[in-house]
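Sequences and hints are given; from them, build the entire structure.
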Amino acid sequence: MNFLQNSANSVINKCPAIKTEWFTKEFLCTGKMKYVSFGICGLFVIIFIIGLSLALIIDDYNGSDALDNVPLIDGHNDLPYNLYRLLGNNLDQFDFTKNLSDDKLWGKRVCVSCTTDLPRLRKGKVGAQFWAAYVDCSSQYKDAVSLTLRQIDVIKRLIHKYPNDLQFVTKAEDITDAWSNKKIGSMIGVEGGHSIDSSLAVLRLYYDLGVRYMTLTHMCNTPWADASTVTTGGINNLTDFGRAVVYEMNRLGMLVDLSHVSHNVMREVLAISKAPIIFSHSSVFTLCHNNRNVPDDVLYTVKRNNGIVMVNFYSEFVNCNTSRKATMQDVIDHINYIRNLIGPNHVGIGADYDGVNTMPEGLEDVSKYSDLFDRIYDSSNWTKDEMEKLAGKNLIRVLKAAEKVRDEMAESGHVRQDILAPKQIYQAQIMDHIQPNMCYTSKEWSDFKPNNSNQTV
Numbered sequence: 001m002n003f004l005q006n007s008a009n010s011v012i013n014k015c016p017a018i019k020t021e022w023f024t025k026e027f028l029c030t031g032k033m034k035y036v037s038f039g040i041c042g043l044f045v046i047i048f049i050i051g052l053s054l055a056l057i058i059d060d061y062n063g064s065d066a067l068d069n070v071p072l073i074d075g076h077n078d079l080p081y082n083l084y085r086l087l088g089n090n091l092d093q094f095d096f097t098k099n100l101s102d103d104k105l106w107g108k109r110v111c112v113s114c115t116t117d118l119p120r121l122r123k124g125k126v127g128a129q130f131w132a133a134y135v136d137c138s139s140q141y142k143d144a145v146s147l148t149l150r151q152i153d154v155i156k157r158l159i160h161k162y163p164n165d166l167q168f169v170t171k172a173e174d175i176t177d178a179w180s181n182k183k184i185g186s187m188i189g190v191e192g193g194h195s196i197d198s199s200l201a202v203l204r205l206y207y208d209l210g211v212r213y214m215t216l217t218h219m220c221n222t223p224w225a226d227a228s229t230v231t232t233g234g235i236n237n238l239t240d241f242g243r244a245v246v247y248e249m250n251r252l253g254m255l256v257d258l259s260h261v262s263h264n265v266m267r268e269v270l271a272i273s274k275a276p277i278i279f280s281h282s283s284v285f286t287l288c289h290n291n292r293n294v295p296d297d298v299l300y301t302v303k304r305n306n307g308i309v310m311v312n313f314y315s316e317f318v319n320c321n322t323s324r325k326a327t328m329q330d331v332i333d334h335i336n337y338i339r340n341l342i343g344p345n346h347v348g349i350g351a352d353y354d355g356v357n358t359m360p361e362g363l364e365d366v367s368k369y370s371d372l373f374d375r376i377y378d379s380s381n382w383t384k385d386e387m388e389k390l391a392g393k394n395l396i397r398v399l400k401a402a403e404k405v406r407d408e409m410a411e412s413g414h415v416r417q418d419i420l421a422p423k424q425i426y427q428a429q430i431m432d433h434i435q436p437n438m439c440y441t442s443k444e445w446s447d448f449k450p451n452n453s454n455q456t457v
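The sequence shown begins at 1 in my numbering and counts up one residue at a time.
It is worth saying that the hints were derived from the structure and are not from the lab. A few of these clues could be false.
For lysine-lysine, the following DSBU-like pairs were computed, each having C-alpha atoms within a straight-line distance of at most 30 Å [said to hold, decoys possible]:
1. 171 / 303
2. 156 / 400
3. 182 / 125
4. 156 / 108
5. 182 / 156
6. 423 / 142
7. 171 / 108
8. 104 / 161
9. 104 / 171
10. 423 / 123
This is the structure in structure tokens:
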């Protein structure tokens, strides 16, 4: 509005009559000079009105306009798990083109975590989405891999079923291409390192299937990385095999996602990753002391790593004050905190729709992103370019950087062939109160004898 202010000041300075009061006797006096003065003031009033009109046109910008200039990229949506939970992944029984708000199966009255369909995604101006291939921690050491493959499959089938609205994306440049074609760029993230069953071979095959990030843990520890449930000290922290996982993800060009890991694992991964990392759906620990959130020292390291924290909307992650409900302003506070602490280049959106049972007032479903961006721009001192970075530019930059590291490592890096020692899995199973060695028949397990003095737990 600077243009408007300058125009008003010009009129006031040129017309002393206006400084006192409008249309007073000064305008009614006779004499040639007075008529001239009145004419000059009239001219400047006209200029003022024109300037006001131009200013209104020039500054008629809403925060959601950023979503018309760049794709809004959300880092995490759990619709695929709801498809598994409610329909057994049978897409014949699912109409994605319908607003499901009041549906008998998917409506808000019967499914508190169901918040996603195409009409509401379009209303929210979503340009690209990471769909989560998530399986429960109870599948660890059992059928986690086969269940994860089913989730990857249902994501790809969903995209194929709605080609006018969704486009499968595996490269950074394709995000913008899909958005330009008015389609929602659809990417896959595997949520939880238990999904690879401690196998680098499985990790590599996931990448071949189109997976472009993996969250190193979910709410359960793996034998090689601690989850956020480990709040003090550490059990394994990040083991040598865990470091091999990070290396291999860097080599593949798969984003390392640190949502869900312990604070110690966050620090250890940031110390070794060659590529920028992401938090696909996490918020700020200082504002809400939940161990799923990111502490300040880690935020500073994310900046040095050139990574991104995609802010989670879940009520219990953005508001730890149980005496009141979470609101949109709580989410904005987390976004602003990251921006103010480490800059606008390292923050994005990772709402976690369809994965949680409560969202803040004003952010009830995927149609609300536009409202959020309007509110951020109106209530804060964000620039238009920064709004576009928040929307999607930051994530695209991070993915491009990961692809660059992949290309560089292709020339000099070698494929890691580490195999996690059965003893470590055996110990982890006992710690998780699972009968060990029930589901493995590989050579290394055949050679492993836990009653041997060198292999006892």
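Holds or violated: residue 104 to residue 161, with C-alpha atoms at most 30 Å apart: holds, 22 Å
task: Verify the proposed pairing of residue 171 with residue 303, using a straight-line Cα cut of 30 Å.
output: holds, 23 Å
query: Within a Cα-Cα threshold of 30 Å, do residue 156 and residue 400 meet the stated pairing?
result: Holds: residue 156 and residue 400 sit about 23 Å apart, inside 30 Å.
query: Are the Cα atoms of residue 423 and residue 123 separated by 30 Å or less?
result: Judged against 30 Å, a Cα distance of about 52 Å means the pair is violated.
query: Given the hint that residue 423 pairs with residue 142, does the C-alpha gap stay at or below 30 Å?
result: holds, 17 Å
query: Is it true that the CA of residue 104 sits at most 30 Å from the CA of residue 171?
result: This hinted pair is violated, its Cα atoms lying about 37 Å apart.
- request: Would you mind confirming whether the straight-line C-alpha gap from residue 182 to residue 156 stays at or under 30 Å?
  value: With Cα atoms ~19 Å apart, residue 182 and residue 156 stay inside 30 Å; holds.
- prompt: Between residue 156 and residue 108, is the straight-line Cα distance small enough, at 30 Å or below?
  reply: holds, 26 Å
message: Run the distance test for residue 182 versus residue 125: straight-line Cα separation, threshold 30 Å.
response: holds, 10 Å
message: Between the alpha carbons of residue 171 and residue 108, is the straight-line distance 30 Å or under?
response: violated, 34 Å
Checked against the numbered hints above, the structure violates hints 7, 9, 10; every other hint is satisfied.
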